[in-house]
Amino acid sequence: MSSNLLITQGSKTLLDNTYPTWKCDVRPNPKHFGLVRVKINRLTAFTTNKTIFSMDHNYSYTPSYIVAWNYPRGTATSGSTRQTFGIGILSVTSPVSYEYDYQMDSKSFRIVVSGGLLDITDDYAEFRYLIFAEDFPLKASSSNFFA
Amino acid sequence: MGIGIKVSLPGNDTDSGDVNLAYSSEWPVLRVIKNGELKVLGETSTTIPHPLKFTPMILTWGPNGGFLNMPRQNIFVDSNNIYWTHPGTNTDTDDTSIMVFDVDIETAFNANEVNVSTSSSAASTSNVGIRFTKEGKDTSSHDLRDYILHSSTRTPLLHAVIPGSGNGSYTHDLPYSPIFLVFAQTDVGGISGKPYVLLNNFAGVTTDGKTITIVGQQTGYKTSIVILKDPFYIDSNITDVTV
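Going line by line, the protein sequences match chains A and B. Take 1 as the starting number for the first sequence in the numbering used here and just add one per residue. Take 1 as the starting number for the second sequence in the numbering used here and just add one per residue.
In case anyone wonders, no lab produced these hints; they're calculated from the structure. Ideal Cβ placement from N, Cα and C applies to all residues, glycine included. Careful, some of the hints might be misleading.
Said to hold, decoys possible - Capping the alpha-carbon separation at 25 Å, the derived lysine-lysine pairs in BS3-like fashion look like this: (1) B:Lys-137 with A:Lys-139; (2) A:Lys-139 with B:Lys-222; (3) B:Lys-210 with A:Lys-39; (4) A:Lys-139 with A:Lys-107; (5) A:Lys-107 with B:Lys-39; (6) A:Lys-50 with A:Lys-31; (7) B:Lys-137 with B:Lys-6; (8) B:Lys-194 with B:Lys-222; (9) A:Lys-50 with A:Lys-39; (10) B:Lys-6 with B:Lys-194; (11) B:Lys-210 with B:Lys-194; (12) B:Lys-210 with A:Lys-139; (13) B:Lys-53 with B:Lys-194; (14) B:Lys-210 with B:Lys-53; (15) A:Lys-31 with A:Lys-107; (16) B:Lys-210 with B:Lys-222; (17) A:Lys-50 with A:Lys-139; (18) A:Lys-139 with B:Lys-6.
Unchecked claim - Far from chain A, some chain B residues (derived; all Cβ distances over 12 Å): (19) Asp-15; (20) Gly-189; (21) Asp-235.
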């Protein structure tokens, strides 16, 4: 027989075991959380993505994750794209159009640089990542996603 | 302070600060209402009705050549539906992954207190700890997906939800630069009303780490800043990469 757990505070639900929560395992090595500090002295123009960070997560499935970035690191606050640490892909539009992107599959997590049509020089960025045990077990169309 | 539950990590007291807690009822954990892959092959747009009666915080990933990447800029949400759109017919056989959280982005929330200077790298790796399983699961399971709370894991906690309108800024009270999301209403062709989109991917958000500023938003269009309380010290696992 299963037992249910429900902890509320006023109208707010604090814990409810009928729903999963995001959980980052603190035990594995390499760690499932961290800060990647990237310094590009010079990256010559390229046509295929450049992987700048990769780690195996050791799950047997593709887990969920978030990445938040700080750009440009180590300089005064300026520029319309600056965030510390907003979630999302980091698109750098000036002076060279390129993008820091993230990839997750059933084996590893990666940070890649794409779109470097010109040389990239003197670039600094930071990426905070959290990898969670939760995945996407439901396979559904729009009509039955919440069924 | 009212009545609540605190579970400390091994070797710590429950009053020794957030840094040493596996769980505190001062903060709601991020309940995942739904996590799944949406099949959208051959479609140009689709509407997913949801039963929540509020506008939930959502995150979306991929697909991108077989990988999950994030976040998607073509998914919107309001109090009735989640909307997916695509420029032309979608031919990608990989599905879009969506996670829907029990967070109403239109209702203000502030955590009761901030009790430490920063977040924690502490964790239980011993056999002593606390485990709450999902309904129908057993605490002997080694699959973390079976748990809602496990003291060998940490989870981001909801620190604040700040609804707003138009351009604006918010200065948080955390002693570090937190992870945050910004949602903003937008006009979308083919969708009535003004659903929210995750604004982070656009040049509409800036921050100096303490104050989050929304720029370029139209007057009267609603916004929402969601701030997550970090479960780890930011500098607890640093990797330096030089290219």
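Hints, one by one, checked against the model:
{"no.": "1", "hint": "B:Lys-137 with A:Lys-139", "result": "21 Å, holds"}
{"no.": "2", "hint": "A:Lys-139 with B:Lys-222", "result": "32 Å, violated"}
{"no.": "3", "hint": "B:Lys-210 with A:Lys-39", "result": "24 Å, holds"}
{"no.": "4", "hint": "A:Lys-139 with A:Lys-107", "result": "20 Å, holds"}
{"no.": "5", "hint": "A:Lys-107 with B:Lys-39", "result": "23 Å, holds"}
{"no.": "6", "hint": "A:Lys-50 with A:Lys-31", "result": "22 Å, holds"}
{"no.": "7", "hint": "B:Lys-137 with B:Lys-6", "result": "23 Å, holds"}
{"no.": "8", "hint": "B:Lys-194 with B:Lys-222", "result": "9 Å, holds"}
{"no.": "9", "hint": "A:Lys-50 with A:Lys-39", "result": "14 Å, holds"}
{"no.": "10", "hint": "B:Lys-6 with B:Lys-194", "result": "40 Å, violated"}
{"no.": "11", "hint": "B:Lys-210 with B:Lys-194", "result": "29 Å, violated"}
{"no.": "12", "hint": "B:Lys-210 with A:Lys-139", "result": "39 Å, violated"}
{"no.": "13", "hint": "B:Lys-53 with B:Lys-194", "result": "16 Å, holds"}
{"no.": "14", "hint": "B:Lys-210 with B:Lys-53", "result": "32 Å, violated"}
{"no.": "15", "hint": "A:Lys-31 with A:Lys-107", "result": "14 Å, holds"}
{"no.": "16", "hint": "B:Lys-210 with B:Lys-222", "result": "22 Å, holds"}
{"no.": "17", "hint": "A:Lys-50 with A:Lys-139", "result": "31 Å, violated"}
{"no.": "18", "hint": "A:Lys-139 with B:Lys-6", "result": "36 Å, violated"}
{"no.": "19", "hint": "Asp-15", "result": "19 Å, holds"}
{"no.": "20", "hint": "Gly-189", "result": "18 Å, holds"}
{"no.": "21", "hint": "Asp-235", "result": "6 Å, violated"}
Checked against the numbered hints given earlier, this structure breaks hints 2, 10, 11, 12, 14, 17, 18, 21; the rest are met.
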